[in-house]
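Engineer: As a plain string of letters, each chain reads:
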Amino acid sequence: MDSTVSYGLLAEDEKHALFIKRIEAGEKIEADDWMPEEYRKTLIKLISMHGISEIMGALPEKEWVPKAPSLKRKLGIMAKVQDEMGHGQLLLRVSEDLMKPYGKNRESIMQDLFSGDLKFHNVFHMEAPTWADAGLIGWLVDGAAIITQTNMLDASYGPYARALKRICAEEVFHAQHGESIIMALAEGTPKQRVMLQESLNRWWEALLMFFGPGDAGTTGTSKQDITIKYKIRTKTNEELRQDFFTKYIPRVLSLGLILPDSTMHFDKEAGKWIYKQPDWGKFKDIIKNKGPKSEERLRLRRISYETNEWVREALGSASAGERR
Amino acid sequence: MTKIISPDEAKQNSSFKSALTELLYQLADDDFILAYRGSEWLGLAPHIEEDVAFSSINQDTMGHAAIFYQLLEELGEGDMDVLAHSRPPKERLNAVLLEMVNGTGTYLENPKFDWAYTVVRHYFYTAAKKIKMDSLKNSTYQPLADAAARVSIELFYHMMHWRTWFQQLMLAGGEARTRMEKAIFQVMDEMEGVITLGPKGQEIIKFALIEHDKTLKDRWQAVLSPVFTSVNSIMPESMGMKSGNGRNGEHTADLESALAIMNEVYILDPAANW
Chain X
0 MDSTVSYGLL AEDEKHALFI KRIEAGEKIE ADDWMPEEYR KTLIKLISMH
50 GISEIMGALP EKEWVPKAPS LKRKLGIMAK VQDEMGHGQL LLRVSEDLMK
100 PYGKNRESIM QDLFSGDLKF HNVFHMEAPT WADAGLIGWL VDGAAIITQT
150 NMLDASYGPY ARALKRICAE EVFHAQHGES IIMALAEGTP KQRVMLQESL
200 NRWWEALLMF FGPGDAGTTG TSKQDITIKY KIRTKTNEEL RQDFFTKYIP
250 RVLSLGLILP DSTMHFDKEA GKWIYKQPDW GKFKDIIKNK GPKSEERLRL
300 RRISYETNEW VREALGSASA GERR
Chain F
0 MTKIISPDEA KQNSSFKSAL TELLYQLADD DFILAYRGSE WLGLAPHIEE
50 DVAFSSINQD TMGHAAIFYQ LLEELGEGDM DVLAHSRPPK ERLNAVLLEM
100 VNGTGTYLEN PKFDWAYTVV RHYFYTAAKK IKMDSLKNST YQPLADAAAR
150 VSIELFYHMM HWRTWFQQLM LAGGEARTRM EKAIFQVMDE MEGVITLGPK
200 GQEIIKFALI EHDKTLKDRW QAVLSPVFTS VNSIMPESMG MKSGNGRNGE
250 HTADLESALA IMNEVYILDP AANW
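For the record, the sequence lines run as chains X and F.
Residue 0 is where the first sequence starts when you use numbering that gives the first Met the number 0, and the numbers rise one by one after that.
Residue 0 is where the second sequence starts when you use numbering that gives the first Met the number 0, and the numbers rise one by one after that.
Extracted from the complex, chain F is given alone in its bound form (with noise of 0.2 angstroms):
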């Protein structure tokens, strides 16, 4: 297929453009809401250089969001901040596993989070999105190939820090150990969820916005399995999407609730300039 160079050439081809914005709201939900659960860490990172490394990251991320929100906003889908702040969990299509809470309590009272799960979290999604955005270097929408080629760059560092933090603690033993091997399993019951296209999948595909998700899994595992190898473990063989969906709309009450405080002073006047 040849290139699709501007929204407006891809404006004129109205399955192409529903394809095309099915994936671009599966890459802006998925940083936009990880970047959030990040976030909420701040001020209680394990130590205070990784309060300053994980800022810098979530910040990354929340600007890769912004960026697929922008693509959307020149396709003519709204105001990426309408988009970002607006639309309600039914609407959103990232994975659930991104949505879901850090541990118990909240970012303000009581925030019990659990450092294993974010770790393993973010490493197994960082290495998924670092695939997606080398598959879309070659997308079929210049503007987003565009953009994976810039986001990529900035994953580089994000593989090596959650990278480290993995092998460090799965090679700690003990405490470390047990917890971390308890949130892979956490993590890999809703992994499918990451790296599915969802309903319109077959259709990015055919106008190879993006390589077929079964080629990305196999990547996925190809960089993964090594890394259990190096830790003195294996694999899991099984990932599933247990809390359902996302990119069909299923989520979770844990979307609900980080909406309402992503939106709170946005929605006490959305049309006001803040």
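So that you can see chain X by itself, here it is in the shape it has in the complex (with noise of 0.2 angstroms):
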């Protein structure tokens, strides 16, 4: 107690200065701690980002939850849609907590993504009109997530990264949930395999701009500077994509798959993957909701937002009177 009366008394630069001590020590910071305007903001914007994207992403692969193919399949990708929404509601929550002092909520969360203000991932933009698109997305889109994640698993942030823990560990269920689907694929017939060369090809370029631009001269802004400065990540986009490539380029090669980019080499020297840069002018329109399907799908959130007004009204009353 005596150490939080002491910080309340303190000046706002002095606060600052023991605020990076702290994360410097690896002191985790709660909700309900001292914090610079700045730090809040980010992380609520990554946050929210973080969680209304696995929100999002629950709606191309919906499409699949019905019409995944065998039993055994229909029970692994409703697991891990579930799995997704249990992660974006999880996500939403310690946003909400990070929001309070400006007086929003859940409402101001939805409202921000109708109104195109809160953005959702590039990937969740994607057409998924294959059965291995459900697959890709469980294999490397999943398997992205859990190298930008692991990335932040010792975030400052506390209530952050213990979230990501629980996430990271579901994450790798999924990651293997997709790579079953794409060695059934691969080690399928003829047209299975065409199937799965196709997705790949289709989903290349989202999953080189998943990890972000290499820095903020590509788009004009990049908020990796500020999210290492208060160690809520460790390594750059490009450290992350590089990492990606070392872990499934290998994978992708050994299932028989061609890669979309016939200019990648592991440079041996350099020590790094050399690549074709996706168009980054792309990326900027797809994450202001100019890709393919962001309005098809921003239509279904809204939809169901209008249709279960009623409910939303009932649930209000209903508490209400709970209350009194």
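No lab work stands behind these hints: they were computed from the structure.
Note that this is a predicted model, so its numbers are computed, not measured.
It is possible that part of the hints are untrue.
Stated by the list, open to error - Examples of chain X residues lying across from chain F (beta carbon under 7 angstroms, computed): (1) 57; (2) 61; (3) 62; (4) 65; (5) 66; (6) 69; (7) 85; (8) 89; (9) 130; (10) 185; (11) 188; (12) 257; (13) 261; (14) 310; (15) 313.
Backbone N, C-alpha and C define an ideal beta-carbon position, used for all residues, glycine too.
Take the two lone chains and join them into the complex the hints point to.
Structural biologist: As structure tokens, this is what we get:
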């Protein structure tokens, strides 16, 4: 209690210095702790986007839940998408705690999503027209997610780090679920293999974009420096992308798939993968909700929001009744 | 009647097996189609917490369907995936209530789904299913009795979930109450189709696979009636099968379109490993 009282008496810059000292020492910041405005805002943006992406990410897979070609696959994909929604819920709660001082809540998150102020991840704006896409999302998109999230497991913000621990554990199962679908296709009929290769071709650019631009010069802005400064993450976007290549390129090749980028190779001297840059102009458009499926998926959420308005009202009046 | 403890033993008595498979198809097809209708709600539920809970229930329900198809497979009816995916609508024995659409639009385009109908349908069905499972725990077919015991445990939570929704929305008054009352009548119009044991009902009962459907119905009413009272309402007395008896293979176009979606990938190559 003593330290809390004295903390309150400190000047802003002293608080800031103490805060930096705490995170430098590897201490975790909790929801009610003092934190710089920039830190809070960065976290809100990062975690809300992560949370809403989990939720919007259910939509491309939603299409394949009923269509999964066996009972085992149906159960597998149902479990996976349920987990994703659960992650979304968990993360939005973390984010809602951070928003409290601004008087914002779940309702504001949904409104920001609909208005385009709150972005969702570039991969979830893309089309998923075949069953192979359902597998590929699990295998490579979740695989990419594991790499970025592992990078934040030791995030200075305690509630986020703890949420990520749980999420990463489940994502490993998702990647296995995806890999199992992919293996069946890769070892399957010629038609199944074509379906798989086409899916990889379709998702390649989106997967490169997944980790974000290499630096602010590419797209005008990048939050990676701020998140590194505050020890929310450790590696840069490019380092993560390279980790992804190192982990997955050998696997892609071992399945007999052709890399969609013929120039791609590992430069031993430089110790890194050389690849063709995706069209970052397209990336900027996609995250502004101008991707191939952006509007359609937002529309689905909007329709559900409007159709169920009476339910939210009823719940509101029911809880008001309980309070009385 | 003595217990039949294995599929091999069941296969030796053709009339027993015929009654048993009939009942298993009803149970499997009921869960299979309702799990599908439930999964159409994915990403569209009234709030995110419900989305998580509902998809867990759908997963359980699809898991139950798989258990019952598996029992059929063991009885020599064929591969469980073929049973789930390949049988035409006229061979399906699910209750018509469970195949009906959630509302207008599809799960991918313009879904104007009716949450009141979903709550009532799921609640009433789950109550009936729980009563059946409890009765099946004493089934003369031991593998089914064992399966029912496993399924029943999960239904405890499903019942709590749907009862909470039912009571909250009924007590909210206003538009919610109006919608719920309308949904109750819609569901009751078809509810008989869920409880009936169908054309081979007499055989099913004779072999003591499950109790008489009249008994099941009385129990169902005994479970629901106090819940209606708790929300200042009275349970409608009559139930029907307005759109046909699914146990006879009678179905609506809603089943056909649902199966077409569920089979879309499977029929690309039913022989392939997916």
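Engineer: All hints, please: hold or fail.
Structural biologist: Going down the list of hints, with the structure as the test:
no., hint, verdict
1, 57, "holds (5 angstroms)"
2, 61, "holds (5 angstroms)"
3, 62, "holds (6 angstroms)"
4, 65, "holds (5 angstroms)"
5, 66, "holds (5 angstroms)"
6, 69, "holds (5 angstroms)"
7, 85, "holds (5 angstroms)"
8, 89, "violated (9 angstroms)"
9, 130, "holds (5 angstroms)"
10, 185, "violated (11 angstroms)"
11, 188, "holds (5 angstroms)"
12, 257, "violated (22 angstroms)"
13, 261, "violated (30 angstroms)"
14, 310, "holds (4 angstroms)"
15, 313, "holds (4 angstroms)"
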